[in-house]
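There are 2 protein chains.
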Amino acid sequence: MKSWVESAAVENCHFPIQNLPFGVFSTKALSPRCCTAIGDYVVDLAALEEAGLINAGGDKPVFDQPALNAFMGLGKTAWDGVRAQLTDLLKDGGNPALKGNDALKEAAFIPMDAAAMHLPFTVSEYTDFYAGRQHAFNVGTMFRGPENALPPNWLHIPIGYNGRASTVIVSGTAVRRPMGQLKGPNDTAPRFGPCARLDIELEMGAVVGLPTEMGEPISVQEADDLIFGYVLLNDWSARDIQAWEYQPLGPFQAKAFATSISPWVVSKAALEPFRTSTPEREKELLPYLAEPGPMLYDIELEVSMLPNGGDKATTIARTNYNNMYYSAAQQLAHHASSGCKMNTGDLLGSGTISGPEKTQYGSLLEISWGGKEPLTLDSGETRTFIEDGDTMTLTGWAQGDGYRIGFGECTGSILPALVNKFPRAEK
Amino acid sequence: MKSWVESAAVENCHFPIQNLPFGVFSTKALSPRCCTAIGDYVVDLAALEEAGLINAGGDKPVFDQPALNAFMGLGKTAWDGVRAQLTDLLKDGGNPALKGNDALKEAAFIPMDAAAMHLPFTVSEYTDFYAGRQHAFNVGTMFRGPENALPPNWLHIPIGYNGRASTVIVSGTAVRRPMGQLKGPNDTAPRFGPCARLDIELEMGAVVGLPTEMGEPISVQEADDLIFGYVLLNDWSARDIQAWEYQPLGPFQAKAFATSISPWVVSKAALEPFRTSTPEREKELLPYLAEPGPMLYDIELEVSMLPNGGDKATTIARTNYNNMYYSAAQQLAHHASSGCKMNTGDLLGSGTISGPEKTQYGSLLEISWGGKEPLTLDSGETRTFIEDGDTMTLTGWAQGDGYRIGFGECTGSILPALVNKFPRAEK
Numbered sequence: 067m068k069s070w071v072e073s074a075a076v077e078n079c080h081f082p083i084q085n086l087p088f089g090v091f092s093t094k095a096l097s098p099r100c101c102t103a104i105g106d107y108v109v110d111l112a113a114l115e116e117a118g119l120i121n122a123g124g125d126k127p128v129f130d131q132p133a134l135n136a137f138m139g140l141g142k143t144a145w146d147g148v149r150a151q152l153t154d155l156l157k158d159g160g161n162p163a164l165k166g167n168d169a170l171k172e173a174a175f176i177p178m179d180a181a182a183m184h185l186p187f188t189v190s191e192y193t194d195f196y197a198g199r200q201h202a203f204n205v206g207t208m209f210r211g212p213e214n215a216l217p218p219n220w221l222h223i224p225i226g227y228n229g230r231a232s233t234v235i236v237s238g239t240a241v242r243r244p245m246g247q248l249k250g251p252n253d254t255a256p257r258f259g260p261c262a263r264l265d266i267e268l269e270m271g272a273v274v275g276l277p278t279e280m281g282e283p284i285s286v287q288e289a290d291d292l293i294f295g296y297v298l299l300n301d302w303s304a305r306d307i308q309a310w311e312y313q314p315l316g317p318f319q320a321k322a323f324a325t326s327i328s329p330w331v332v333s334k335a336a337l338e339p340f341r342t343s344t345p346e347r348e349k350e351l352l353p354y355l356a357e358p359g360p361m362l363y364d365i366e367l368e369v370s371m372l373p374n375g376g377d378k379a380t381t382i383a384r385t386n387y388n389n390m391y392y393s394a395a396q397q398l399a400h401h402a403s404s405g406c407k408m409n410t411g412d413l414l415g416s417g418t419i420s421g422p423e424k425t426q427y428g429s430l431l432e433i434s435w436g437g438k439e440p441l442t443l444d445s446g447e448t449r450t451f452i453e454d455g456d457t458m459t460l461t462g463w464a465q466g467d468g469y470r471i472g473f474g475e476c477t478g479s480i481l482p483a484l485v486n487k488f489p490r491a492e493k
Numbered sequence: 067m068k069s070w071v072e073s074a075a076v077e078n079c080h081f082p083i084q085n086l087p088f089g090v091f092s093t094k095a096l097s098p099r100c101c102t103a104i105g106d107y108v109v110d111l112a113a114l115e116e117a118g119l120i121n122a123g124g125d126k127p128v129f130d131q132p133a134l135n136a137f138m139g140l141g142k143t144a145w146d147g148v149r150a151q152l153t154d155l156l157k158d159g160g161n162p163a164l165k166g167n168d169a170l171k172e173a174a175f176i177p178m179d180a181a182a183m184h185l186p187f188t189v190s191e192y193t194d195f196y197a198g199r200q201h202a203f204n205v206g207t208m209f210r211g212p213e214n215a216l217p218p219n220w221l222h223i224p225i226g227y228n229g230r231a232s233t234v235i236v237s238g239t240a241v242r243r244p245m246g247q248l249k250g251p252n253d254t255a256p257r258f259g260p261c262a263r264l265d266i267e268l269e270m271g272a273v274v275g276l277p278t279e280m281g282e283p284i285s286v287q288e289a290d291d292l293i294f295g296y297v298l299l300n301d302w303s304a305r306d307i308q309a310w311e312y313q314p315l316g317p318f319q320a321k322a323f324a325t326s327i328s329p330w331v332v333s334k335a336a337l338e339p340f341r342t343s344t345p346e347r348e349k350e351l352l353p354y355l356a357e358p359g360p361m362l363y364d365i366e367l368e369v370s371m372l373p374n375g376g377d378k379a380t381t382i383a384r385t386n387y388n389n390m391y392y393s394a395a396q397q398l399a400h401h402a403s404s405g406c407k408m409n410t411g412d413l414l415g416s417g418t419i420s421g422p423e424k425t426q427y428g429s430l431l432e433i434s435w436g437g438k439e440p441l442t443l444d445s446g447e448t449r450t451f452i453e454d455g456d457t458m459t460l461t462g463w464a465q466g467d468g469y470r471i472g473f474g475e476c477t478g479s480i481l482p483a484l485v486n487k488f489p490r491a492e493k
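Chains as they are written, first to last, in my numbering: chain A, 67 to 493; chain B, 67 to 493.
Just so you know, these hints were derived from the structure itself, not from any lab. Quick caveat, the model's predicted, so the values are computed rather than measured. Careful, some of the hints might be misleading.
Note that identical chains are pooled: a pair holds if it fits in a single copy or bridges any two copies.
[To be verified] For lysine-lysine, the following PhoX-like pairs were computed, each having C-alpha atoms within a straight-line distance of at most 25 Å:
| id | residue 1 | residue 2 |
| --- | --- | --- |
| 1 | Lys142 | Lys487 |
| 2 | Lys94 | Lys171 |
| 3 | Lys438 | Lys424 |
| 4 | Lys349 | Lys249 |
| 5 | Lys487 | Lys165 |
So here's chain A without its partners, still in its complex pose (with noise of 0.2 Å):
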């Protein structure tokens, strides 16, 4: 299937036909409201509903909002409606009514560097998972060494914890680098400064679209069945900090400064091609978390730093999505599972994504394995850590025959940590 839109069939686009991923925009003129993607094109769906060419079937526009909740809490009716629709008035020889219609074409494709892209969807609360298996093996390894690398419940549960939702932010959106406590091995007090070990994770958002009742559990296939698309997830975490906050209550300020995600979530249904089932269980799994067919997907994912100042950046991960252990649908039934109600707008981070490989690690933690192992950039730069003025950019893709199910960036800059508004921190 091809698009009139030349540009959805360059090569390695991240936006074909086939996509259609779900963002928000705003540009001089409109106000923020959703949209889709097309080759070069955000194209604004509020003015696609008013003009009658889409509906999503609710009693009201849902396309003229800043957050994408009011379609998605809509469900899966209305979510492969408006991508059929969409797909009809986009494709070579479909309904002429938008290909027709200068006026509107004009008015609503947006060129990509025209348009000022949003958080997606108003993020309801925000959970982070630890469901990578060559991650937590590498992390627990640095930390408790390889014999009690996995902790007992890894491979029954999928460990995860509540973060902080406040503060996750679309990519391009600026990070500043947090001031925490920290006390270092041999430091007899801790003490508060800014992180000296800014890190990210690279992992994949699963953006939950519909809600359950609180005490009420859910299947796989029914946790399957509620979620709405992905996203790109950088999981911005300051090691040092969680070194000493995290026992006993896990992660708290180490991962609650900021958490990035790609400006568009790609639908489920745009994913559907690349189902892959999770690797083979190690040990069998409860009953409430079997999965009834394959629930990952084959999604190719990179990380690149940009060093301060630089003017190329350097890829330093290559990796994929199917190598988490546990599902977002696994990962949501057990969110579910003691009865927690889950709403239209979760956001569940994946957990980082590493391969077997060094060069497949989703975190610098793991690429300098605890700091020891410098990574050299290719401009001869080295680094351990993220430095000021760094950028640390994802991107990721479904490879399917002859197009890309792309999720664009999620790229984010350090910005210096404000010392000299503590003024009774040390620096």
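Chain B: place on chain A using the hints.
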């Protein structure tokens, strides 16, 4: 100061004119809206606002809404202004505009037993702390022995973790016993079944009224200024689920199924005469946590248990909020220290409040010492943890000279687990 509302002067009444807490109620005739309490009455603030007797100073009404968030977001001038207006309207010899208006009194005064109370504010995010010295020592002793009871960071950091806002419920809402993964110390593998060690945690909740900016830390004084008021809070806990899941990232499903709060938010202004200092520091705190003055409150607290089918509740714990090692203002300052954005409607649980004596412990885990020392109720029945049909009730008040600033009750009864909703679960 006395009110012309006679029931407000009854001895030990929780709602004298000095209190004037805020909540949300409805009746068969009235949709949910904001209210205060005096004596035996709920007072409809939307009616007073519409009649022009109170004005929060914003550009539109705030009390005709089903949550206090709009009012809370207006800040201290609005909070204090409305309190002063209500005091003047309700005190003996004050503004006669309400006392002298029979039609308005008839409309705005609703007997408490005719009002249904709702969650008083939309909970943006919920964070639970672990800031009671005795509780942390007790739990640590049970799990790690008395020498290692307190984690090394405990005297330096107000330890907290993010909880789940979606299951914060108002007092009176029944709580479904959760299902979850369970693994006893002698089990070779986990199983999935109903929680057998269901517990309460007696806490106070601090309600954040004003937001912070992402990336911007705040001082303890600034944090205190952002707090709108306090509620009673019961952090229902599944101890057996928690024991198996919590390493290494903290409590998750063990705490996700329900958190109950009192329907009344007692304002900081009402609690002002009861300020008291945190206890002497065992280790000097870092300057960013320094308190410029007394930031705790002298609030007497009680827990009672009504066994299934019983007709008389037994008081099982009596303690005081002044036992906390860290104040809510310190917790909030720490929460924002990394740049984590705090929002109107964020709820901070104090952590379990236990005094030094066994009769002062704020959880059944501590009272029954891990289930080893059953508690005998007045009826002669014994309990280690909570059984189906049991009702747990928290209450609390600050004792003034001739009056009480009461929080009312925070109560909940336990419904049996939905074992049959998990067709594949072991029973």
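Status of each hint after checking the structure:
Taking the closest pair of Cα atoms, Lys142 and Lys487 come within 25 Å of each other only across two copies (24 Å); inside a single copy the shortest separation is 47 Å, beyond that limit. For the homomeric pair Lys94 and Lys171, the shortest alpha-carbon distance inside one copy (18 Å) is at most 25 Å, but the shortest distance between copies (52 Å) is not. Taking CA atoms no more than 25 Å apart as the test, Lys438 paired with Lys424 passes inside one copy only; the shortest distance there is 14 Å, against 49 Å between copies. Taking the closest pair of Cα atoms, Lys349 and Lys249 come within 25 Å of each other only across two copies (15 Å); inside a single copy the shortest separation is 37 Å, beyond that limit.
When the C-alpha separation of Lys487 and Lys165 is checked against a cutoff of 25 Å, the pair qualifies neither within a copy, at 54 Å, nor between copies, at 50 Å.
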